[in-house]
Structure formats: structure tokens, C-alpha cells
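So the sequences go chain by chain: A, B and C.
Mind the numbering: the first sequence is residues 2 to 404 in our numbering, read in order.
Mind the numbering: the second sequence is residues 60 to 430 in our numbering, read in order.
Mind the numbering: the third sequence is residues 165 to 239 in our numbering, read in order.
Any given hint could be a false lead.
[Unchecked claim] Taking lysine to aspartate or glutamate pairs in the EDC-like style, the calculated list, with each CA pair at most 20 Å apart, reads: (1) K344(A) to D332(A); (2) K319(B) to E130(A); (3) K230(B) to E190(A); (4) K319(B) to D183(A); (5) K362(A) to E236(B).
No lab work stands behind these hints: they were computed from the structure.
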Amino acid sequence: MTIRANRCILLVMTVALLWPLTGCWDRRELNELAISVALGIDKVDDKYQVTVQVVQPAEVASQKGGAGNYAPVVMYQTTGITIFEAIRKMTITSPRKIYASHLRIVVIGEQLAREGIGNALDLLSRDYELRTDFFLLVAKGIKAEKVLKILVPLEKIPANKIYNSIRTSEKVWAPVTAVTLDDFIMDYESKGKNPVINGIRVTGNAEIGIKKENVEMIQPAARIKNSGIAVFRKDQMIGWLTEDQSKGYNYVINTIKSTVGHIQCPDGGYVALEVVRSKSKMKAAVQNGNLRLAVDIHVEENLGEVQCQLDLTKVSVIQELERKAELRVKDLVEQTMDSAQKKFRCDFFGFGNALHRSNPKAWKKLQPDWDEHFAEAPVSVTVKVNIKRTGTIGNSFMLDREE
Amino acid sequence: MLDNGKINGRQLMVLIYLYSIGTTVLVIPSGLASVAKQDAWIGGIVGVIIGMALVLLYTALWRVYPGKTFVGICQEALGKGVGTVLSLIYVFYSFIGAATVLFYVSNFFLIHFLPHTPVMFTSSLFALVVVMGSRMGLETIARTSELMLPWFIILFVVLVTTLTPQIDSQKLLPVFESGGKSVFWAGITFSGTAYMPIVFLFSIFPRVQEGLTGKVRLGLFASALAGGLSVVLVTLLCILILGPQITARSMFPSYALVKKISIGHFIQRIEVLLAGLWFITTYMKTTYYYYSWVTSLSEILKLKNYRTLTLPCAMLMVVFSLIVYPNVVYMQHWDTIVFPPYIIVMAVVIPLALWLIGLLKGSKDLSATRK
Amino acid sequence: MWVVAGIVGIAGLCTVIEYSSLKNFKKDLWVFGIAMAAATAISIAKALNVTIPNPLDWIAAWFEPLGRSMKRMFD
């Protein structure tokens, strides 16, 4: 071929190559996406009722609060035999197809949770669009859709508020634990631990909560709160843990980064202790054919608030406080273990996994009815507390007052 | 044959490194985890050891038949007739290999990035680049792989460093619970995907400029080892971060792994960038399978120029990539049940036999000259 | 209909690209012609949804029993 012909062909090819760069088959323009930030799943008459909270970008983005006429998020709801169908069906009301990659939370109604959520979660793990960093929540005592309707102050998108609140609480307040889909599935599949999910509830007047008035008042009428931990056996919810029990749970599985608790002073009054470090080890061993469980907890604490007459210059006072703190943590953990063994008869801590890791042979024998073995096994809890610091001052100013 | 391109030892090293990572890193962690559970990484290490033995076999075969491609080796060892038949079988296998790897690549892109684009378009686009590379000759491909290597290393280092904070070492326990047999089987599947396809690189071994010197040999071992260990590292990270059950269940566990990268809640959701890693390695694998196929076929048919066959073979490859695995369930079944014995016969038994024949012939020649 | 035309078009394009380098080599031209014909035929067959025998099935016929016994041996 002549050089000229060659060049012509090259030119044509280059121009032709520019053509696919303008877009591709699977393009989804931004204005074709309905970005959903929260998903709520309930069961109504044997069908799944799926609720989706979709962001209204115009309302969220503008500085002046937008036109102020639209809510920052909008809710779409459909029912279907499978969740996949229900989500697609939303296009009969929604102008755009739901884009689920930015999902922050998935709320499951308590009724559905008690029936079993394994089937509902299959879509979430199978779909390619979903990432795995969203939190699972169980709506306490109500349907999931009610939680997704409440407007909240400080954050335009309620799902973001819930997500951030869990993320922050998990680090600073022990009874809250963040459970992602991967965590749940891992716990479900491992035969030595039953899954748990954090709970969420709506307090106050939910009727006003769904209106704009809720965020126009200084004290909103309704609020979304994190509430205890829901315990599951396999994929069915069997009950709630109280606040103290949730704390105990987090102590045992070693997910506490920081929290605050109180103990009583010897002369009345309370002292607030801030936990700065907590390390726990779960142990399960079989001795002479008997299963024995043990939890070893090391806690490092600071004195946070002193509401009584304590002389903090004496080392013995600190040691006394440490003893009391140890008893308190021990009590929390024992309460939780009690409810796990006696009330739920279900190992949701993961002692089975601990036994699997340390003694696979024994685990193989005990695994078939592990929950029963777990319920009968004696547990020994050892706690060691070190109180290291007392904040920026020594003795409280109340102590020095000359009367 | 009209491809006089020569590659030097360093390019061979880069080639072997990217080739052995190839599609292995995409699918192997899942296979290993389903067989050996949390000992998948031990299975990987066993696979690397088996692979080193295989590389030893291949270098021995190279030494016995210097300067000959696989077709040449078959014809020299078994004579014209049987040799040609055997080399045709090899050509057929590299054709199947090219079609299956193309399917893997387009399947990966289909599932995660372009779910509604017809598979034919992504396959054809990819095949177009493969053909372009092959037509330009071996030197071009080797230099491209050299160019790609720094990018690969950078992304790989990013992957490992950003994922290290999320490791939960408890997921590795109890160690060695699956027992020796499962681990060994895992090792075999590992080496089947990573190391046994190196037998196809025999079509390019004769092009190595310096021949089989000690340095080249050492380079070969080192890069094969590095490639295998990179995959073992990714498998280890999969087990440590995702856990053995999720790894076993995912279609592409390494992709699920990179979805988890989150540095300070700021650098996150960068999984598409890291998919570029797999893009590079799978491209190399497809190109070498295809190149081996076309050059071996043109050698058997004694064509003036191997480039005549590139375009029709490309069309065949694209079409067959759509035929070869009718659905992913068939793919998983075939890969776990049929593939191991198939590749052991092709890549271990037959090269071993050829090597022994070569040794015997060599000693016969030697004794003949002595007489 | 359009797909078949497209495939024939692509085949034609390939022939045009290769023709000049093959003009003088009889053997190469023949091989190219046969290969191109085979590829076009199979592509058209696939486009028209004719079931094409899957080579993996032939390989599976040979190796599946061996594979199963190997897997059982190591399980």
C-alpha cells in the first residue's frame, strides 16, 4: 500500500477510536441515578416490603438551603416476592433506577428479623453494585420504614446521621457495635458464633418526626437513637440485650476502644471512669472432658469525673477504686454471660470459634450441639483494671473547701 | 517465520513474572479457600514449591533441545509424523487456553463494570489489542511488559500497604486444620493455573538472545518464585481480611478484597484502579497464549509469515470464548474437576517424557560418536 | 441479518488488510483463505444461534473420570 493510503487509513482509524471515548454502553449519567443511602426491609403478607431512602441532590447541595420546599431525601416503597424485584419495581414511582453503591445503612424490621433474615441478605451479598461497608440495623419494635421517614437535625441526609452516629459511638460508647454485612455473614457461617446486630429505635412523637417541623424546633419531637444489641440464633432474632449487657458483650469480644462508666465511692457519691484501653481474651478449653470457658480482661482507665470526697493523693484510694472497677466490669460481663447462657442459651460471643482455634479436635466433637454445651459450661471472668491518670487536676476543688 | 524479534534475559524475567500471576490471582484464592479453608495460603506455598520443580523440568527440557520451540521439540523427539500430531494437540490446547482466558477477562469486566454491554464487544476489543500486539512481534510485547511492570509493582505495593491495617490474624487459626491432603490438592490446582502454562512459553524460549545461560536460568526461577509468592500474598490477605468462607464463595475474591480499602475514610472505593492490576496480568497471559498458538500453528504449516494467521485466529478465539463456557457453573465445574488432570498430562507428563527421550537420544548420539 | 452482514464485513476487512502481503505466497494465501472461511462460518453460526460443539466437552469426556478420582483421592 502506498504511504498516502496508509496515512488515510490511519487517520480514519484514529478518528474512529475517538468515538467510543464519548461514552460507553453501560454509561449511567449522574442525572440518571437515584442514589439510595438507606434500605429498609420488612415483611408484609409473605412479601418483602422494600423501602429506599433516595437523596435529592438539589436540596442537599445548595448552600442557602435550596428552595426549602423539598425534603433532602425522598422515600420509595414497593413490595415484591423477592427484594431484587421490589427494587426494580420502584421505577414505577421513581423517575430513575436505584443506584445502590452508596448505601449507608440497611434497616430490618424487628418482625422480619424474628422470622429470619438470611434470605433477605442474599441479594446484598450477590449484587455487584453494593459495597460491603454499610451497617446492618434492626428497628426495635417497629417496621423499618418508620425509621427511614424521620428527619434529623445537623445532617441533611438521615442515613448519614445514623451511619456517622454508629461509627462514632462504636469508638466512644461501649454498648454500640457496628455490624457490617461481612461481619454478619462471617458470624453466621462460622459454627462457633451466632451473629448480633445493632438496634435502632425512634423516640418521641413519630407523627411529627416525619414532618419538617421536627427539624425546625430546637428540641426535635422525634429522634433516632441507637438502642441495645439484637441477638440472633443463626439468622433469626431471639432477643435484645440491655444497655449493660451490650456493654458486657463488647468487653468480651474486645471491640471497646473507649467508654465511660461509673462506680460508687466508699463514702457515697460516684466516680466516672473513662476506659482508654481494653483488651480481652476469650478462652475455651476442655479439661477432663468438661468444657470450661474463661474471659481475661485488661482495662486501662482514667478518672474522668469525681463527685465525692476522695483524697487522690493516696495510692490506696486509687487501688480501692481499681478493685471496685474490676468488680463492676466483672459484674457487667457476668450479667451478659448469664443472659447468654440462661436466657438465650446461645453463644453469640464466639467461644466456639475460640475453641476451634485452640483445640480443633475437641471442637469437632462438641460442635453439633454447641449451644447446649455452652449453656452448661462454667465461666470464669478475670478482670484487671489499672487507673492511670486523673485528668488535668489532682484533688477535686470541692475537697479543699475549708468549712 | 519472519519474526526475528529477540528478547533478553531481563525481559524474559518480567514476562514470566506477569505471566505466572496472570489469571491466577483473579480466581485461585477462591479455589484454594474452598479446598483448604484457612490454610489456603499454605496450599499456595505448596503450589509454589511444585511450581519450582516444574520450572526445573522446563529448563532441563530447554537444555536438552536448545533453540527449539515446542513444535520443534516434538518433531525432533518423536519424528515427523507423531511429533506433528503431538504438536497439533499442543496447538489445540493453547487455542483453548486463549479462548478460556479471554472468557475470564470479559467475564470479570462484565460482572463488575459493564453488566449490560454484550460480551462480544468487550471480548472483541480485548482481542483486538492482543492481535495488535502479536502482529507487531515478540519484541514489542516484551517491551510493553517491561513498561507495564513498574505500574504493576506500584499498584501492588499500594494494595498490600493499604490493606495491612485491616488484618485480623485470628482468621488464620487453627492452622493446618484441613490436613495434608487438602493442602496438597490446593497446591496442585495452584500450580496448574500459575506454573503449568509456562510450557506454552516454549514458543518464545528460543528467542532469548543469550540462550539458556546460568544467569537466565536463575532469572527464570527467581521471577517464577516472585510471581507465585505475589499470588500467595494476595491469597493470604484474602484469608486474613475477608475470611475463608467469603473468599471461597466469591467469584473474584481479590476484587472483593480491594473493595475494602479505606484509609481514614478518605481514600476508599478505589477498587477500579486496582482492577488495572489484573488487567495487565491477564492481558499478558492472553497475549502469550495467543502468540504461542499462532506461531506454533504457522510453524507446523510451514508458513512464510505467521502474521497471516493472526486475524482468522483472532476471530476464532473471540467466537470460541463465547462458546467455551456456556455459564459460570460449568466454568467452575470444569476448572475444578477436568482441568487438573488435563493440564498435568499436558504440562508435566508429556514434557517429562520428551525430556527423557531427549536424554536417551543424547546419550545414544554420544555413544554413536564415540564409536 | 445485520449481524451476519457485520461479520462478513469484518472478514472482508481482514482479507483486505492481509491481501497485499500474501499476493505472492500461494501457500499462505490458501491457509489464510481456509482459516478465514472457517472463522467466518463459525461466527455466523454462533450469531444465528446454531449450537456449536464445545471443545471443552471433548476434553471433559476424556479427563472427567480421572479428575473426579483425583479429587476424591485428596479430599
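Handout entry: Proposed proximity, D332(A) with K344(A) (alpha carbon, max 20 Å)
Key = This hinted pair holds, its Cα atoms lying about 17 Å apart.
Problem - Distance restraint between K362(A) and E236(B), which requires alpha-carbon spacing of 20 Å or less - result: holds (9 Å)
Practice task
Decide if the proposed pair is consistent with the structure: K319(B) and D183(A), CA atoms, cutoff 20 Å inclusive.
Solution key: Holds, because 11 Å separates the two Cα atoms, which is no more than 20 Å.
Practice task
Given the hint that K319(B) pairs with E130(A), test it: the Cα-Cα distance must not exceed 20 Å.
Solution key: Holds - the C-alpha atoms of E130(A) and K319(B) are around 14 Å apart, at most 20 Å.
Exercise for the section: Would you check the hint for K230(B) and E190(A), treating anything up to 20 Å between C-alpha atoms as holding? Expected result: Roughly 13 Å separates the two Cα atoms, so the pair holds.
Hint compliance for this structure: every hint is met.
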